[in-house]
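Enquirer: Going by this note's numbering, the sequence shown opens with residue 308, and the numbers climb by one from there.
Just so you know, these hints were derived from the structure itself, not from any lab. Accuracy of the hints is not assured; some may be wrong.
[As the list claims (entries may be wrong)] Computed beta-carbon distance windows for the label pairs:
#, residue 1, residue 2, range
1, HIS404, LEU439, 47 to 55 Å
2, ALA315, SER473, 16 to 24 Å
3, GLY411, GLU344, 38 to 46 Å
4, GLU310, ARG347, 50 to 58 Å
Cβ atoms here follow ideal geometry from the backbone N, Cα and C, with glycine treated the same way.
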Amino acid sequence: MSEPIQRAVDRAVRRSFPMATAVVASLAGLIDVPAAEYNRIAPAFTLIAVYCWSVWRPDLLPLSGVFLIGLFEDLLRGLPLGLTALMLLVAAGFVQHQRAYIFGRSNPFLWLVFGLLTVSWMTVEWLAMSILLGQILDPEAAAFRYAATFGLLPVGAALLLAVQRSGMQNV
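From just these sequences and the hints, can you work out the full model?
Expert: Listed below in structure tokens is the structure:
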């Protein structure tokens, strides 16, 4: 393979990191943890990835890709097709639209914005699933899911930042 082609392939692979890590985050949310009702309180790993990349590199996280990742997650989790896709699309669109106010701020500010976004996410998800299932779901599960997702943002962000620093220079 010629050097220009190698460079082009290398650049394409590096540019795919945000989408690839969001897919991996989606798969991580499906890990079966031997705990009662874990699937009801599992952190929204995909939301963490989409939030971080929407702040740091929105140019590498197209909304069409976010929508496809959401559809992928809906299919894997057995959720109504389009629910997660639409919610991820709204979250990414909001963060990318507000990026000028968010990017470059302190970590506590980024965490605060994520906390507000996550409260909205969990509330909409709880309401939508309650309506679709025709019964009021336990709000405690949504609260635990919120706490787990919110609490794991620093860990998820650190991992994604390591990916960005290790493999995305000059992209």
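Enquirer: Which numbered hints turn out to be false for this structure?
Expert: The structure conflicts with hint 1 only, although it agrees with all the remaining ones.
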